[in-house]
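Asks: Each chain, written out:
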Amino acid sequence: MTRVLLLGPAREAAGAGHGEFDGDTVGAVLQNAVTRYGVDFERVLAVSQIWVNGNAAESGDHIGPYDEIAVLPPISGG
Amino acid sequence: MTRVLLLGPAREAAGAGHGEFDGDTVGAVLQNAVTRYGVDFERVLAVSQIWVNGNAAESGDHIGPYDEIAVLPPISGG
Amino acid sequence: MVGSVKLAPNHDWVFVSSSPLSPDELTKWATRPQCGAVVTFCGTVRNTSTTGHDITSLEYETSTELAESRLVAVVGEARSRWPELGAIAVHHRIGPVELGGITVVVAVSSPHRHEAFEAAKYLIDTVKNCVPMWKREVWQGGSAWSEEAHSIESVQKQ
Amino acid sequence: MVGSVKLAPNHDWVFVSSSPLSPDELTKWATRPQCGAVVTFCGTVRNTSTTGHDITSLEYETSTELAESRLVAVVGEARSRWPELGAIAVHHRIGPVELGGITVVVAVSSPHRHEAFEAAKYLIDTVKNCVPMWKREVWQGGSAWSEEAHSIESVQKQ
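Residue numbers (our numbering), protein chains in the order written: chain P, 5 to 82; chain C, 5 to 82; chain B, 1042 to 1199; chain X, 1042 to 1199.
Keep in mind that the hints were calculated from the coordinates and are not lab data. Where hints are given, some of them may not hold.
Lysine-lysine pairs mimicking BS3-like chemistry, simulated, CA-CA at most 30 Å apart [to be verified]:
hint: 1; chain 1: B; residue 1: Lys1198; chain 2: B; residue 2: Lys1169
hint: 2; chain 1: X; residue 1: Lys1198; chain 2: B; residue 2: Lys1069
hint: 3; chain 1: X; residue 1: Lys1069; chain 2: B; residue 2: Lys1169
hint: 4; chain 1: B; residue 1: Lys1069; chain 2: X; residue 2: Lys1169
To spell it out: a stretch of chain P is covered by chain B in this simulated footprint if at least three of its residues, at any positions, have a beta carbon under 8 Å from a beta carbon of chain B; those stretches are [stated by the list, open to error]:
hint: 5; stretch: 25–31
hint: 6; stretch: 42–50
hint: 7; stretch: 66–77
Using N, Cα and C, we set each Cβ at its ideal position, and we do this for glycine too.
With the rest of the complex left out, here is chain P:
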């Protein structure tokens, strides 16, 4: 299980600040998150950046049980 951190609008769409999901790539883990959280979350995820342990990551990147994936929607610091 990999921990997924859900921030700002991603947290709101998912109804949770974090979750744990199976999967050995970033994409597989997040697909399982979409399955649980539904279409609103999927829509936010589509425009979000994905970081693993604080660094930008790609969908195909392999992931282990001690990694943390973060879903970061567009920010609004303006």
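Since the structure of chain P is provided, determine the placement of chains C, B and X on it from the hints.
Replies: The following block gives chains C, B and X in isolation, referenced to the frame of chain P:
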């Protein structure tokens, strides 16, 4: 008599913060100040701006008893 | 302060805080004997919004860990651009902040003022572009995420 | 405050003071509901000098009346350049100021930060160039007028 305000290095060279002098032009008043305060003051005066009532003035400008002349040496705000 | 990150001891200080920020504390902390200038920037909650409502407060949300690690990167980039800087502090508030309240403070000292202004401006611009931070606008009877959203940018590209 | 000049009520505030300056007071005073940014500049006494000595303090001297009237002109010029500014405060210390002490504070608020930075930088540059103010450097065993002297410039040419 016209009041003359002496600032910073002009005050130091004159040994006074202000004085009163006869004269019906800026130049005449300041010449009387030079006569009283001496050569150190004259040297500072040569590189100073002269204001009358807060505005830049010329040596030939006429002056009355209610005007105030200020001697403003180069500043060092940098 | 609990949770704050002091990097090079006494020279860099980043903090994501749920308590009120103190520009006065940061200005005093940043003042150094070899520096003749301190520039302090405060971002404050204003009453106009991206959504057309009269704002009564903002709510900021983030991961403190991710936000502080990005703040560290932003400060590091400023150090490499202006090696002559004295102290650098960047504190960002999270949670609810009332109208007029301070949401972010940057304080920078430098021997001369030009670099302090340049670096303070760079720091706040880069914080706004590169640090994960989500802003919710709150008005009488409603709230929404700010509509000025953009992707988080990388620090090196600023 | 005795002796301070508040121009447009609550919007412009210039002051030549022989008491310690408070950047915190100016920052709070400048914070406005329609403004999202406050930039505060502090000039502080640093230990390096124009005369090669280790500075222990500075002494500023002026005519309060002439200095305040020039500060009013400087603030007026900033208003005409950045009409969107909220509040502008410029306070200058006179008399002796110890190492690390604050000699001048500028605080500017604006709806957006860019103008607040621009105006604060303009204000301190123009104060340094245009306001009659004489600085004496004091070290262990001696003192002298600063050697960086230049003629007072007119506000309009800045």
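Asks: May I ask which of the numbered hints given earlier this structure violates, with the numbers listed in increasing order?
Replies: Failing hints, ascending: 2, 5 and 6.
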